[in-house]
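K.L.:
Could you build all of it, start to finish, from the sequences and the hints given here?
Be aware that the sequence shown starts at 1, since it is given in the working numbering, and climbs by one per residue.
Hints are supplied without guarantee of correctness; some may be wrong.
Unchecked claim - Only pairs whose alpha carbons sit at most 35 Å apart, straight line, appear in this in silico DSBU-like list of lysine-lysine:
#1 138 <-> 65
#2 65 <-> 84
#3 138 <-> 84
Read the hints as simulated data drawn from the structure, not as lab findings.
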Amino acid sequence: MRVTGCILGLLPCLAFLQAYAQPEPIDAFEQNRRLGRGVNIIGYDPIWRSREQARFQEKHFRLLKEAGFQSVRINLHPFRHMDKTNGWTLRRSWFETLDWAVDKATASGLQAILDFHEFQAMGENPESHKEQFLAFWKQL
1 MRVTGCILGL
11 LPCLAFLQAY
21 AQPEPIDAFE
31 QNRRLGRGVN
41 IIGYDPIWRS
51 REQARFQEKH
61 FRLLKEAGFQ
71 SVRINLHPFR
81 HMDKTNGWTL
91 RRSWFETLDW
101 AVDKATASGL
111 QAILDFHEFQ
121 AMGENPESHK
131 EQFLAFWKQL
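P.N.:
Structure (structure tokens):
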């Protein structure tokens, strides 16, 4: 009975340790091989403002895969969509668009890369955008 009690007492500990176990590191060369040929998508597309105005359509994921691409870089320009008066929050529709792109890419067999593409703002004066930058990554 004591052995059973000890085993039952250890099970939650083992489950906890398993939940927080570190995954095996991924070899950078293998990861790069899996990404293969890639292409940028939807960075400047009106899809971020309105799905109805989107130039990039769901069928394009299939066409990219058929053309031999293995990955898409989803160019993110979040600063223009952040609400300064509300702690630099992004609209729910922005995240819905991002989720749509990731879901459709992976469903088409494409690797999805999230590319923080605010290179101009961050390159010119990164300190002035620190609050926005940190708010973005906290939300993501």
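K.L.:
State for each hint whether it applies.
P.N.:
Structure-based check of each hint:
no.: 1; hint: 138 <-> 65; verdict: holds, 32 Å
no.: 2; hint: 65 <-> 84; verdict: violated, 38 Å
no.: 3; hint: 138 <-> 84; verdict: holds, 15 Å
This entry does not satisfy hint 2, going by the numbered hints stated previously; all others are met.
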